[in-house]
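Order-wise, the sequence lines are chains A and B.
For the first sequence, my numbering gives the first residue as 1, with consecutive numbering after it.
For the second sequence, my numbering gives the first residue as 1, with consecutive numbering after it.
Certain hints may be false.
[As the list claims (entries may be wrong)] With a cut-off of at most 20 Å between alpha-carbon atoms, the simulated DMTMM-like pairs for lysine to aspartate or glutamate come out as follows:
1. K35/A to E75/B
2. K35/A to E34/B
3. K35/A to E63/B
4. K35/A to D58/B
5. K60/A to E34/B
Simulated from the structure, these hints should not be mistaken for lab results.
Here's the letter readout for the chains.
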Amino acid sequence: MTMQPAAREVADLIARCALRDRDAFRHLYDRTSAKLFGVVLRILRDRGEAEEAVQEVYVKIWQRAGQYIPGQTSPISWLVAVARNHALDMLRARRPATDDIDQVLDLADDMPTPDRVAETNEDGQRITKCLATLDPERAEAVRGAYLDGFSYEELAQRYAVPLNTMRTWLRRSLLKLRECLTA
Amino acid sequence: MSTGSQDSKGQGGSPLVAEYVLGLLDSAEHLRVEKLIADSPALQKERDFWSARFAALDSEFSEVTPPARTWQSIETRLFPTPVRASWWDSLALWRGITGGALAIAVAAVGFSLVQPAPDSAALTTQLVAALRAEGSDVQFVALYDGSGAVRLTALSGSEIPDRDYELWAIQGGGVPVSMGIVPVTARSVVELSPAIQAGWGEGSVLAITLEPKGGAPNGIATGPIVAQGAVTRI
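In isolation and in its complexed conformation, chain B is listed as follows:
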């Protein structure tokens, strides 16, 4: 037997757990003791005993302020989706997304892609619109995948009693054309009417207004625009 364990006889046990807590053991031994401790409540007590006693020395670690970038790095690591506002403001980011990265971006905002997944050629012709407005918490993302329908996902916003959200298409500076009522609590698919389809493309604007229950009377928007965004090629 080793000197160490002979020492331990009659002296209240081996100091192996104390060495473990101090960090004196090499990698292999450290792992071995870690496993022993995991399997033994008595050794866990021993570890906690040493940890707690040595912790009294913690006050001797002096404080050193880390650089400001440290927090940003932590945030980026833990919460990879950037803060909504800054990300949302950046349509350039959307434009910059390549076909390959689209699936990731779409997953990040909770979109479900059409099944089967569109091929990369189809992806390159996709259009996207980010819908938001100053002072409103209603935010949608719209994706057009070339199928004749827009897939709409609400990112934020809540239902309002006796009111409905209505989606509009504005093309070539013309009057808004209703695309129907859309839910704010679920994803939806909105078919493009032939009239909208005709002028549809980059530069078309999608808007959402708050309307009386059932939608704008006579097909003319009456409520405030709570979100809008231009259709952009990605």
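Okay, chain A solo, but in the shape it has when bound:
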């Protein structure tokens, strides 16, 4: 994967953090904290919680900097994933467990493994194109799950459909999406 110069710099900063370079960590924070704060704020929808979360996110980044593998994901995507996953963990921790048996799904053994894992610019446009092949409401629901951290319950309320309908919608949409993305 070729990297833009800006991404290259962020990747270098992460690498230097792995070597316990505090100055690099400070620079990384200066360059990326607005983005990551934006991520946790959007998902948590509470400034106080987002402030707490972004602190924990940078603690994790410092601790896990050595796990970032350049070439597999862009450095910004990696950082956003740390932030997004942390915010989602916080949301999940306070959501009641669902008693949905449907969720205990089998993972098909014969699932073809995707050829290419790493994203490219072309792939970036591709998800937009593939989302556009879905029913607009369903595409919006997928985006809401990713960008806003909406749960099935929240999505069901938002689109005024029963919970199981929302699950079915979304699962079908994801399978369609996968088909389109691997085509």
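Fit chain B to the given chain A structure using the hints.
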């Protein structure tokens, strides 16, 4: 079998990993899938595939500058020893340290306590001195634990060829009395001579000078003071 997995038949697999990546699963299910993924390279590929594709949406997260205190909190959490200069300047901090907290403070500056550990009564009578000087990177901490010897640890500073660091005690405004040469790269224990012991206590000053190899000739300090500090009760 569930509707979900029936859906998956002949359609390229279950979207469970995609749901996992989106964060749609509840805690228990999320953990279950996480373990499945950890054990399966194929599922790891599937996870990475979805993560990378959805990451294209990351540009839609708008930037919001966090408040300035956020960075300070992160720094405090990760690097609990405060920045040397500000901490070092604060003898009040040393004075404020109680007997109970002493072990922690001492550990933080790399001191090894006397074994067996002194009891709390002994700790309350301990004396400490922080030695530093403007424009010098030589810094020592000295701890007197009532045993007749000062334990000295260099926090920073480097050896200089053909020169030695020498420790001095200055008591009651008198002339400095040599306590001998001290290493800058190792901890050391310096016995107090009877003369020093006699006037020893809060207000005594310890200083370190840079002297010719072997120490100041005739026991009179000649070199620049690279660090000094008053002895303080803690």
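Evaluated hints:
Between K35/A and E75/B the alpha-carbon distance is near 19 Å, which keeps this suggested pair within the 20 Å criterion. Taken as a hint, the K35/A and E34/B pair is broken in the structure, with Cα atoms around 26 Å apart against an allowance of 20 Å. In summary, the hint linking K35/A to E63/B is supported, as the alpha carbons are separated by about 4 Å, within the 20 Å threshold. Of the supplied pair hints, the one linking K35/A and D58/B holds, its CA atoms being roughly 9 Å apart against a limit of 20 Å.
Of the pairs offered as hints, the one joining K60/A and E34/B holds, with about 18 Å between alpha carbons and a cut-off of 20 Å not exceeded.
Checked against the numbered hints given earlier, the structure breaks only hint 2 and satisfies all the rest.
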